[in-house]
Structures are given as C-alpha cells and as structure tokens.
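One-letter residues, chain by chain:
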Amino acid sequence: MSIKLNSNIPSGPLADKWTQYRSTMNLVAPNNKRRIEVIVVGTGLAGASAASTLGELGYNVKCFTFHDSPRRAHSIAAQGGINAAKNYQNDGDSVYRLFYDTIKGGDYRSRESNVYRLAEVSRNIIDQAVAQGVPFAREYGGLLANRSFGGVQVSRTFYARGQTGQQLLIGAYQSLSRQISLGNVQMYNRHEMLDLVKVDGKARGIITRNLLTGEIERHAAHCVVLATGGYGNVYYLSTNAMQSAAWRAVRRGALMANPCYCQIHPTCIPVSGDYQSKLTLMSESLRNDGRVWVPAKQEDAKAIREGKKTALDIPEGDRDYYLERRYPAFGNLVPRDVASRAAKVACDEGLGVAPTGLAVFLDFAAAIERYGKSEAISSGIKNPSKEKITELGTAVVEAKYGNLFEMYEKITGENPYKTPMKIYPAIHYTMGGLWVDYNLETNVPGLFALGEANFSDHGANRLGASALMQGLADGYFVIPYTIGQFLSGEIRTPNIDPNSPEFAEAENAVKERLNKLVSVKGDQSVESFHRRLGKIMWDYCGMSRNADGLKSALKMVRELREEYYKDVFVPGTADEFNPELEKATRVADFMELGETMIMDALNRNESCGGHFREEYQTEGGEAKRDDENYAYVAAWEYNSWEEGPIMHKEELVFENVELKTRSYK
Amino acid sequence: MKLTLKIWREGGEFGSGKFETHQLDNVTEHMSFLEMLDVLNEDLVQQKKTPVAFEHDCREGICGTCSMVIDGHPHGPQAKTTTCQLHMRKFKDGDTITIEPFRASAFPVIKDLVVDRSSFDRIIQAGGFVSINTGQAQDANAIPIEKDTASAAFDAATCIGCGACVAACPNASAMLFTSAKVSHLAMLPQGQVEAKKRAQNMVAQMDKEGFGMCSNIGLCEAECPKGISVENIARMNAEYLSGAFSS
Chain A
30 MSIKLNSNIP
40 SGPLADKWTQ
50 YRSTMNLVAP
60 NNKRRIEVIV
70 VGTGLAGASA
80 ASTLGELGYN
90 VKCFTFHDSP
100 RRAHSIAAQG
110 GINAAKNYQN
120 DGDSVYRLFY
130 DTIKGGDYRS
140 RESNVYRLAE
150 VSRNIIDQAV
160 AQGVPFAREY
170 GGLLANRSFG
180 GVQVSRTFYA
190 RGQTGQQLLI
200 GAYQSLSRQI
210 SLGNVQMYNR
220 HEMLDLVKVD
230 GKARGIITRN
240 LLTGEIERHA
250 AHCVVLATGG
260 YGNVYYLSTN
270 AMQSAAWRAV
280 RRGALMANPC
290 YCQIHPTCIP
300 VSGDYQSKLT
310 LMSESLRNDG
320 RVWVPAKQED
330 AKAIREGKKT
340 ALDIPEGDRD
350 YYLERRYPAF
360 GNLVPRDVAS
370 RAAKVACDEG
380 LGVAPTGLAV
390 FLDFAAAIER
400 YGKSEAISSG
410 IKNPSKEKIT
420 ELGTAVVEAK
430 YGNLFEMYEK
440 ITGENPYKTP
450 MKIYPAIHYT
460 MGGLWVDYNL
470 ETNVPGLFAL
480 GEANFSDHGA
490 NRLGASALMQ
500 GLADGYFVIP
510 YTIGQFLSGE
520 IRTPNIDPNS
530 PEFAEAENAV
540 KERLNKLVSV
550 KGDQSVESFH
560 RRLGKIMWDY
570 CGMSRNADGL
580 KSALKMVREL
590 REEYYKDVFV
600 PGTADEFNPE
610 LEKATRVADF
620 MELGETMIMD
630 ALNRNESCGG
640 HFREEYQTEG
650 GEAKRDDENY
660 AYVAAWEYNS
670 WEEGPIMHKE
680 ELVFENVELK
690 TRSYK
Chain B
10 MKLTLKIWRE
20 GGEFGSGKFE
30 THQLDNVTEH
40 MSFLEMLDVL
50 NEDLVQQKKT
60 PVAFEHDCRE
70 GICGTCSMVI
80 DGHPHGPQAK
90 TTTCQLHMRK
100 FKDGDTITIE
110 PFRASAFPVI
120 KDLVVDRSSF
130 DRIIQAGGFV
140 SINTGQAQDA
150 NAIPIEKDTA
160 SAAFDAATCI
170 GCGACVAACP
180 NASAMLFTSA
190 KVSHLAMLPQ
200 GQVEAKKRAQ
210 NMVAQMDKEG
220 FGMCSNIGLC
230 EAECPKGISV
240 ENIARMNAEY
250 LSGAFSS
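Keeping their order, the protein sequence lines are chains A and B.
Just so we're aligned: the first sequence equals residues 30 to 694 in the numbering used here.
Just so we're aligned: the second sequence equals residues 10 to 256 in the numbering used here.
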C-alpha cells in the first residue's frame, strides 16, 4: 500500500501563512454545524479546549475520558509554566524568536510552518486563560510575571506557582463544563476508547468500554479528534499517567511519527526502590535558581553514597558545577536533553550521589544567599548576620517554589532548604506521536490528533513550558478552524449509522481482544510485565542508545509480548468494573509501541535531541546530527508483526532557518 | 516493616460491604501509601484473588483522583497531603491501618474504595466558570490585578476536587469545595460579573445532589490536602446572600 504524506502547508511567506490560510479556508455554516457530530477523545488541555471551543462554535460534540472526571487528565500535573511570545518583559522576545528557539531546541526536526503558527497563537492563549480566571503570577504593579526556562535567553514563561498545568486545565475544564451545561457537549466519563471505526476510509466513530459496567459501546460521528496524550508510560517509570488510545488508531491505519523521540527530563526525584510506581518531576523552573553539581572526586561521591559524608561536607573547590563548566552561555538552563545526558555522563563516571549511584545535586544555597542579601538591602537591614540572610533568602525561595520543596520533602523525607535536592533524569514527554498535516489531520481522513498525541511541533526535543502552549494552541486556536476544511465537505453526509458492518466488525474485534486477555489465565500480573517492558526500554532505548543494544531489545520485547499472551493473569471478567483488565489492554499496546520505538531508533542513524545514538557523537560528547540523510519525519505504518511496521518519509524543508549544529556553549 | 491492613471491600463477591484483613511483611518506609497498596494487590493477584479497587492517577498530589479514608482521616493522618503523597515513614512497624472509602450519600460507593464523585462535576457545570467564548479575550495585561488579590484567588483555585472535605464533614457538606470555586472566580475582575448568579446556581445544585448543610465545624479545612480555608465559605455566603436580596 502506498501512502503519500502531504503536509498541506499553505503557500506564502512563513509569517503570513496562517493568517492567509485562515481567511481563505472553507467554513461550515451555523445551520450545518448544528447537524454535524464531532467526537473528542481526551480532556486534557488539548481535548478540553477543543471540545469546549467546538461546542461554542455550534458543533454537536461528544467528549470522552477514561477518568472519573474531565478534570483529572494528566495535564493537571504540569508544573512550571507556559510560553508565549508576549514580550511583556521588553527583553527582545518576538514570535520569530519563539519560533526559532523551538526549531533549534527541537534539533531541527520539526516542521517550520506548524511551529511558526504555534508561536503566533501563543499570545492568544494567555489572553484567553486570563479571561477565564486563571490566576497567573503577578508583579506588584498588577501585571503578569514571567520567568525563564531552559534553552532560551528571554523570560517568556507565564506561571501559576508550580501548578500552571492545574490552573490552565481547570480553566479549560470550566469552559468545557459550561458547554456541557448548555447541551453543546455530551460528556462521557469513565469511557475508554478501545478502537477507531473507519467507514469508506474516513474516521467515523469509536468503540468504547464503559469502565464501570464493562459494556462495549459504539459512538458515531462525522469525524474524530484524538487528544489522548503521549506514550511515556511504555517505560513504566515516568512522570506520565497511563494511556494508549492513540495506538488504537495506529492499528486502524494512522501513522505513528518519530516514536523514538522521547524526552527525558533532567530534574526528577530519583528512583528509590523496586516497588516504585511513579517518578515525580521537580519543575524545570528550579533551574532558574538551583545549581547542578556532583563532587569532583570519586572518593567524595562514594562517601556520600555510603552515607559517610553529605553534600555539605564537600568544600566549594571540590564540587563540579558541570553544566556551568561545560555550557557557560546557558549554564544550568541548557535544554532538557543536554542536561539529562550531562547527568548521565557524571553518574557513569562514578560521581553519582544516591545509594543507587544515580543522582546529582540541585543546590539552592547560592540562590538563598543571593536573595537574602538583596532582601536585606531592600528592607534596610545593615550588616545582616549570616543567619538573617539565610532566613530572608529562604523566604524568597519558599515564595517561588514552596509547593515543590514541600513535595520533595514529603517524598524523600529530606529538607531541600538545608541540603541540596537529589535529582536524576526520567521519562517525561514524548515528542513523537500520530503523524498530522498542517490541519492537524492524520493520514486517515477525518481523524485529527492534538497536543502530545501528535508529533508536529517539538521535533526531537521539546523546550520547557511548551507542552501546555501546544496543547492549548491546538485545541483553542487551530482545530476550530482547520476542522472546517474536512467538515465543509461533509455537510451533505447524514448522521453516521452505528449499526453499519464496520462498527460491528470493530466491536467484535474489541471483544475478541478483551476475551483473549481475560482467558489467558496465566501466572504473572500485568504489572510485572509492564515493569519488565519498562526496564528493557529504559536500558536500551532510553537516554543513550546503540545499534547492538537496540537489536537485542527488539528481540526481548518480542519475546516478552509472546510470553504476555501465554502467561498473563487478568482477574475477573470483561463485563464488570475491572481495573486490571484496563491495564492489560494498555500494556498490550505498550509492547507494540515499544517495538515500533526501537525500530525507529534503530533506523535513525544519527543523534538528535532526545534520541542519542552512541555511535553518532562529537568528540565533546554532543549529539551529532546527519541532516544530509535524516532530515525527515519517519512515519510508521502498522503491519503484521511477522513483517514489521513500514516506514514512510516526510522530508522536512527548511526555508527560513539555517540548519546549524546546536550549541549552548 | 510489618503491617496489618483492615480494608473495606464492597461490590461483587463482597456484596454490601465488609472489612477484610491482610498482613503485609515487606513494606519499606520510602514507599508511598499507594505503592504499599500496589504491593498488596500484586500479592492478591499472585494468589488469584480479586485485587482491592482504589482510584489513583497522577500520583503527584494534584489530580485529586485518590480518595480513601485512612485511620479515620481522608487521605490519612499527615496534614495537607494526598494519599499518593503520604509515605510509609509516617507509620510504624506493627501498625494496624484501617482503610475505607470516602463516605457520603452524594458519593455512592462503586467498588471497594472507589466512589462516584460526578456530583462535583455537576456543581461546576451549574456555574463554576466565566461565560466567555474562545477568541473573545482582551489583552492579558489590560486589567491589572493586585498581586495579593491574585494570590488569594490562587489559594482558592488550588482545590483539586478530591472530596476530602465532604468525607471529613459529619454533615457530608460540600460547602468548602463549592465555595472554593465561587471565591476563586469572585475575587477576580473577570469572574466578578457573574459572581452572585454563580453562587446561587452552584449552591442550588449542591443541595440538589444531596450534600448536607454547613454547621461551621471546620473539619473540611483541617483535612483538606491543599489547605483550602473556610474563609471561602464565608465569602460564598456573602455572595449568596447579596444575590438573594438583589434578585
């Protein structure tokens, strides 16, 4: 089967593309919108903003979440902030600069036109959120405050303490709730999408499982919008929650683009034991003030690991602030992929500081002192004592990051105001996702993908505070327009009949899959398989990868998948509330996803962003891209597992940005 | 450490509900409470028994999904902490821990520790929003908001919608939850326009859902994992009353 990937980028100069396109694209008249049905799956930032906006426009929206309430979606856990090219700080920011930073940060593996549009609409998002009542941080003058994030040299990040994701999601949830109350959106909580239904090649509905009763339901619509998040949970331990609905669309022919691009966040609380279920992020915003270091001497690191010394016993001269040393221009605020790899290098050299050997310090002592001194001056205290400075500085740090420090203390039992935090990289975000064109439409007509579920904007590495921006840009300001390009051709299409053979086939396929899992009745828990998969992925397809490791991982994942269907134990039946079965369907997907990720990583013989192949690095240990051969999007088509997935290419064309070696030195 | 767990089981083979006792021998102090339950469930699955149903999602203390009463406290004995952020170092070797679902007639039990909190969604749908469509907003800096006001609105907005306030209240009242939203929006100029109507509609929905009345006990604030203040209830009452007089 030949699939032609047409990105449908509008013509014209980069800065005018979106405006011109928006003014000339097809519209659906209000009387027709009332008849047209749209399914939105997922209620995170992208899904909730899309469902509410489409409802406002007059479409009949059916919105689905597997949570008990739309407000639980994992966007809620995003901490640090949201970028926007407002230039409120007068520090030289602009739409172009946000665009450029994002392209460069993504290591030149994203599509120029999509990224430029993202930067353009970023400004509207902040306006919209404030109008909804999102309580962003403000300065004493009453205007909005900003801070810096990694990989940029301006302050363009808006934030609501360390709970920006929560506040933005609640804003979107409130808008969604309003549309539900007006009858424009029908909300289905505790419904998990298990399959996509295509009729005559177009996406026309989904099959869901009511998680309370186990009932399998058919839902039909003129088109389907997926906003189902990323696949970081393939690694078991991650900062993500657990979902895989997008993969179910891949099984129906949607292409999975760049699955090997996974973001490893440098500042997470390190793993403490085998029972661990979850990794907790410490926001990137902490790198505004925290300094990352390890002991310069291996014997000091060893003493710390064995509990014979603490960070405070290491004199200044024996510490290696390795980010400041290696990357003087950006220092502690290098992008995530660079910071993560540098932490791994330090730990590989035997300088790690946790009992596992896998942790580095994030130290606030210098910030506390700096803020303390400045507070003393502004409050007129002359010759303040060291204790006074610490007290004043601690208060400033607490006001900025209090909730993060509290969370750290709850989890680790250590006080980060007194001793440095211990952090280590962890899986955080997946840049890869469903392939979409400029309209955010996948290769399946009528199937759209938004937010983390698509691949389009972050290339091989996402900059901090850009995920919230992209989710809301897609949902509030892109899909409401671009969906019209498809739906304007559907105004004569009557309501889709859920009793067609296509729906029956999909329903049967779902039931078969569920029964297969329930009837294995083996001896190992779903959880134990998930853990093993995660370990393989982390060891061989994680922070650094090589061809031999990837090849052996491919074999291991295949064997694990076979073992899964022979020996997994799922208690209960498919016709009841059964959380183990829910997990079992997702883990089954993760195994297939994992295999595709490994194949993608193996195919990409270069290092770029979050994808670091040990064979391709500079003498200084930095990622070495191969623009000649790999400046393309690898989009994988589902196929029988005997033959393996088929790769399709979209060549990336750079008309406005010159491809350079990324340097933060 | 070794623990004895007394866990509420309900639905399926357990019918209308009873406590079941389990022993756990391999708990470490670094585990979160939910990870301790994961270990129990892993054991149960190994024995081909039905694992304990409990809700959880982000495990970072922010999504509000986890919901259980531990030794009489919603989210357990540690103040301002959700169950997922509660760690086993807060317990001692040999402890017996009692685990129950949130109990309120407006939160019917679905299974074991899982309850239905969709009544909270309906309260928000009754008016917990600013009526603005996408694209209608003016520039974000057009209306300056005093830093302290924004900060107070934020304090109310940190509610995670978990329902601990209801579970803690002897009247199973949802006043803290409802008032947090009413306050958050009423304190900001963007939400002020609809403040009175919002309070009226949300309170009416709260009553309709079968939540109890507030009798100023204050356990809601004491047990709230986000420390939402009962001041919000006073503010909601003010908005509600002024709305009642002016309508």
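Hints listed in this document are in silico derivations from the structure and should not be mistaken for laboratory results.
Some clues are possibly wrong.
Mimicking SDA-like on lysine to any residue, the simulated pairs with C-alpha atoms at most 25 angstroms apart in a straight line are [claimed, not checked]:
#1 A:K545 with B:G21
#2 B:K156 with A:E420
#3 B:K206 with A:T441
#4 B:K57 with A:Y594
#5 B:K156 with A:E168
#6 B:K156 with A:G212
#7 B:K156 with A:Q118
#8 A:K612 with B:G21
#9 A:K331 with B:L53
#10 B:K156 with A:F606
#11 A:K337 with B:H39
#12 A:K62 with B:S140
#13 B:K101 with A:G302
#14 B:K89 with A:K612
#15 B:K11 with A:T441
#16 B:K156 with A:R399
#17 B:K156 with A:G302
#18 B:K217 with A:R560
#19 B:K156 with A:Y217
#20 B:K217 with A:D120
#21 B:K156 with A:Q305
#22 B:K57 with A:Q305
#23 A:K447 with B:H39
#24 B:K58 with A:G601
#25 B:K99 with A:E534
#26 B:K11 with A:G302
#27 A:K545 with B:V239
#28 B:K57 with A:S407
#29 B:K58 with A:E168
#30 B:K58 with A:E435
#31 A:K612 with B:F23
#32 B:K27 with A:F606
#33 B:K27 with A:R334
Predicted, not measured: the structure shown is a model, and the values here were computed from it.
Here is how each hint holds up against the structure:
1. Distance hint between K545 of chain A and G21 of chain B is fulfilled; the C-alpha atoms sit about 22 angstroms from each other, no more than 25 angstroms.
2. Restraint check for K156 of chain B and E420 of chain A: the C-alpha separation of about 23 angstroms stays at or below 25 angstroms, so the hint holds.
3. As the CA atoms of K206 of chain B and T441 of chain A are separated by approximately 45 angstroms, the hinted pair breaks the 25 angstroms bound.
4. Taking the CA atoms of K57 of chain B and Y594 of chain A, the gap is about 17 angstroms. The hint holds against a cut of 25 angstroms.
5. Taken as a hint, the K156 of chain B and E168 of chain A pair is honoured in the structure, with Cα atoms around 6 angstroms apart against an allowance of 25 angstroms.
6. With a CA separation close to 37 angstroms, the supplied pair K156 of chain B and G212 of chain A exceeds the 25 angstroms bound.
7. The straight-line distance between the Cα atoms of K156 of chain B and Q118 of chain A is roughly 17 angstroms, inside the 25 angstroms bound, and the hint therefore holds.
8. Straight-line distance between C-alpha atoms of K612 of chain A and G21 of chain B comes to about 20 angstroms, which keeps the hinted pair within the 25 angstroms bound.
9. For the given pair, K331 of chain A sits about 39 angstroms from L53 of chain B by alpha-carbon distance, which is inconsistent with the 25 angstroms threshold.
10. Straight-line distance between C-alpha atoms of K156 of chain B and F606 of chain A comes to about 47 angstroms, which puts the hinted pair past the 25 angstroms bound.
11. A distance of roughly 20 angstroms separates the Cα atoms of K337 of chain A and H39 of chain B; the hinted pair therefore holds under the 25 angstroms criterion.
12. This hinted pair checks out: K62 of chain A and S140 of chain B have alpha carbons roughly 21 angstroms apart, not beyond 25 angstroms.
13. Restraint check for K101 of chain B and G302 of chain A: satisfied, since their Cα atoms lie roughly 19 angstroms apart, inside the 25 angstroms limit.
14. About 30 angstroms separates the Cα atoms of K89 of chain B and K612 of chain A, which puts this hinted pair outside 25 angstroms; it is violated.
15. Taking the CA atoms of K11 of chain B and T441 of chain A, the gap is near 21 angstroms; set against the 25 angstroms cutoff, the hint holds.
16. For a cut-off of 25 angstroms, the pair hint linking K156 of chain B to R399 of chain A stands: about 23 angstroms separates their Cα positions.
17. Between K156 of chain B and G302 of chain A the alpha-carbon distance is near 42 angstroms, which puts this suggested pair outside the 25 angstroms criterion.
18. Restraint check for K217 of chain B and R560 of chain A: the C-alpha separation of about 45 angstroms exceeds 25 angstroms, so the hint is violated.
19. Pair hint K156 of chain B plus Y217 of chain A does not hold up; C-alpha atoms about 38 angstroms apart against a cutoff of 25 angstroms.
20. Of the pairs offered as hints, the one joining K217 of chain B and D120 of chain A is violated, with about 52 angstroms between alpha carbons and a cut-off of 25 angstroms exceeded.
21. Straight-line distance between C-alpha atoms of K156 of chain B and Q305 of chain A comes to about 40 angstroms, which puts the hinted pair past the 25 angstroms bound.
22. Under the criterion of a C-alpha separation no larger than 25 angstroms, the hint pairing K57 of chain B with Q305 of chain A is consistent with the structure, at around 22 angstroms.
23. The suggested pairing of K447 of chain A with H39 of chain B holds, with an alpha-carbon distance near 20 angstroms, which does not exceed 25 angstroms.
24. Distance hint between K58 of chain B and G601 of chain A is fulfilled; the C-alpha atoms sit about 9 angstroms from each other, no more than 25 angstroms.
25. Our distance criterion of 25 angstroms between C-alpha atoms is broken by K99 of chain B and E534 of chain A, whose separation comes to about 52 angstroms.
26. For the hint linking K11 of chain B to G302 of chain A, the alpha-carbon distance of about 17 angstroms falls within 25 angstroms, and the restraint holds.
27. The hinted pair formed by K545 of chain A and V239 of chain B fails the criterion: a straight-line CA distance of about 52 angstroms is larger than 25 angstroms.
28. Taken as a hint, the K57 of chain B and S407 of chain A pair is broken in the structure, with Cα atoms around 66 angstroms apart against an allowance of 25 angstroms.
29. Our distance criterion of 25 angstroms between C-alpha atoms is broken by K58 of chain B and E168 of chain A, whose separation comes to about 56 angstroms.
30. Between K58 of chain B and E435 of chain A, the direct Cα distance comes to roughly 37 angstroms. Violation of the 25 angstroms bound is thereby established for this hinted pair.
31. Between the alpha carbons of K612 of chain A and F23 of chain B the distance comes to roughly 23 angstroms, so the proposed pair stays at or under 25 angstroms and holds.
32. Only pairs whose Cα atoms come within 25 angstroms are accepted, and K27 of chain B paired with F606 of chain A is accepted, the gap being roughly 19 angstroms.
33. Distance hint between K27 of chain B and R334 of chain A is unfulfilled; the C-alpha atoms sit about 46 angstroms from each other, more than 25 angstroms.
Comparing the model with each numbered hint stated earlier shows that hints 3, 6, 9, 10, 14, 17, 18, 19, 20, 21, 25, 27, 28, 29, 30, 33 do not hold.
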